[in-house]
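Q: Below are the chains, spelled out letter by letter.
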Amino acid sequence: MEIRKLTMLSMLLALSVVFNIVESTIPFIGGVIPGVKLGLSNIIILFVIYMYTFKEAMYVSIGKVIIISLVRTGLFGITFFFSLGGAILSTISMYMVKRYTKLSIIGISIIGSLTHSIGQILIAMLMLRTFNVIFYLPYILILTIPTGIVVGMMTRNVLKFYNVKA
Amino acid sequence: MKLTKKQYLYRGIFLILTGLTILLYMFIYNVDIKEHSKSFFYMDTYINVKIYSNNTRKVNEAMLEVDKIYEKYHKLTNRYDSYPNITNIYYINNNLGMNEKIKIEKELYNIIDYAIDAYYESNGLFNIALGNAIDVWRSYRIQGHGVPTYSELSNIGSLSIDDIILHDDYMIEIDSNVKIDLGAISKGYTTEIVGNYLESVGLDKYIINAGGSVKVGNHYDNEKYKIGIKDPQKGGNEIFKVVNGNNISVVTSGSYERYYEYNNEVYHHIIDPKTLYPPRNFLAVTVISKDSKMADILSTVVFLMPFDEGKEYIDSLINVEAIWYKNNGQIHYSEGFNIYE
Amino acid sequence: MNKSDIKLILGLIILVILVSALMFIINIATVNGTKKALVYYDNDLILSIDLDDSEFREYKVSGYNGDVILNASNGKVRVVEEISPLHICSYQGWIDSPHEIIICLPNRIVVKIEEQKEKIDTIVR
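Residue numbers (the working numbering), protein chains in the order written: chain A, 1 to 166; chain B, 1001 to 1341; chain C, 2001 to 2125.
Chain A extracted, bound-state conformation (with noise of 0.2 Å):
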């Protein structure tokens, strides 16, 4: 991989570990309903997708996840294999919902954070057997609407940057 690319990369990938420990800090969310959250790292991998492509994308998701078990949470525990099942869900979302509909940032960053979410009560369902998380459901639902829309308007903001359209 070309230097400059790698180290951008790299770059992107810490900041998003490092979005992700800010959000957690934060009361409130993340406390009352499992898997929300601000989504701030989402604006790195929603970056990667429009300035690379999926395969960059799914490196720095990945990477990611894998560094925040590393750090924080335990890696190879239950965390890590919620954290994955969303990411990987929420980057294959994002690109397919790029490249084959005629969605704007904003609505892939909605469809983002919505599949994030879906793919960890997904693995919640799977791993822990419970039925009961799919009652978070409509919450859920609701909350990414505002936040996918703030991500995606802040996402294209820096692409401008860029020059590239979004």
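Accuracy of the hints is not assured; some may be wrong.
[What the hints assert, rightly or not] Here's a subset of chain C near chain B, in silico, CB distances under 8 Å, partners left out:
{"#": "1", "residue": "2018"}
{"#": "2", "residue": "2038"}
{"#": "3", "residue": "2119"}
{"#": "4", "residue": "2120"}
{"#": "5", "residue": "2121"}
{"#": "6", "residue": "2122"}
{"#": "7", "residue": "2124"}
{"#": "8", "residue": "2125"}
No lab work stands behind these hints, which were simulated from the structure alone. Model, not experiment: these values are computed from the prediction. By construction, the Cβ of each residue, glycine as well, lies at the ideal position given by its N, Cα and C atoms.
Since chain A is already given, all that's left is putting chains B and C on it; use the hints.
A: Leaving out everything else, chains B and C in the frame of chain A:
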């Protein structure tokens, strides 16, 4: 005519919503069969009868008959009220002279006969001749304080079953001013008759709830009725167990139904014929069997027996199960109870 | 933001309404019964708490990382203390219905509420 994408979308959404609404509607109203419910107040109890059938006319006719049956037995077994031209327990207890014989209606005759048999089968634990002692307890309960002495209870009048004599041709004779009290059997007995009546006219899917006596027939949906048992330690509708079954009777005798407290002790209404006092082993005993009058009698009898004896007795009976809710909160089940879980 | 986005958002809102309505209806035919909190370690039930008791009670179970302390009172249950990096599950606070669940991933503890929500046909009093 080609539709624009927008029109497709709107039609699609409309169809999906309609489809979902229909599904929801079907989900809620999936029961074909109609529930008819009617309530009555007899024998000091709020009685509710539910019949499941599509034949409304038939159900309405049956409900009228059910009302008549309960009313009849209510009047006949009533020991606190008199009715013109009805020779009921009140009359027998208060107006019949000693050694005087009188003819009574066959319904009343039969229930007394059945109760006397139960006396001998239960070794005297089920005794409808305790009216005099029950009256003493009742007056203390109304007062709310004090406790009768054994001599008060035993001297007020005869408590002997032998003083109730049934003769041929539906005649009854009372000796030594014994007083008959049918409270422990009237609800179960009548409920059994009502249940049999409903079945005889083809209305076999029903729930009869006469307070502590419940009888259910066949289920309206090929499942099993879920019969909750009230938790004696909690108020209102709290239950501690669900009995799942069809064509069964469930009867509970409890110390919480009629009682008063004095000096931190609870004195309830189920009297042990031997001590003439209410025993303090159980908060409630529930008996499950097909026949409602048998369940009613057994619930009183087993309530009065010590746990080990009672359990042995119930386990020896076929198709009878029981639940003991002890004073200390422990709950025990008879051996075969799991068929109802 | 373009038309597709608006459609997406509207679609989501409709979905939310439908799903909520469905869950609400599924909830309707229930009668009271007993409410219990079930505590699982992985898939094994390690503790069952009777929530009908209104007294305040404390429980301790062993999670993967150490002790996990639970409180139960007034039909609610919560995790008070647990050994984990983010303390998410003690953060979740009280839960009191079967729709809510406390998941302590690092400790592999899950707390669910079970109500005997059978539709009771009648009650013997």
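Q: The structure should be examined with respect to each hint, and the outcome stated for every one.
A: Comparing the hints with the structure gives:
1. 2018: Residue 2018 of chain C check passes; min Cβ-Cβ to chain B is 6 Å, inside 8 Å.
2. 2038: With a minimum Cβ separation of about 18 Å from chain B (threshold 8 Å), the hint on residue 2038 of chain C is violated.
3. 2119: Hint on residue 2119 of chain C: holds, closest Cβ of chain B at ~7 Å, below 8 Å.
4. 2120: 4 Å, holds
5. 2121: With a minimum Cβ separation of about 5 Å from chain B (threshold 8 Å), the hint on residue 2121 of chain C holds.
6. 2122: Because about 5 Å separates residue 2122 of chain C from the closest Cβ in chain B, which is inside the 8 Å limit, the hint holds.
7. 2124: Status holds, d = 5 Å.
8. 2125: Holds: closest Cβ of chain B sits about 5 Å from residue 2125 of chain C, inside 8 Å.
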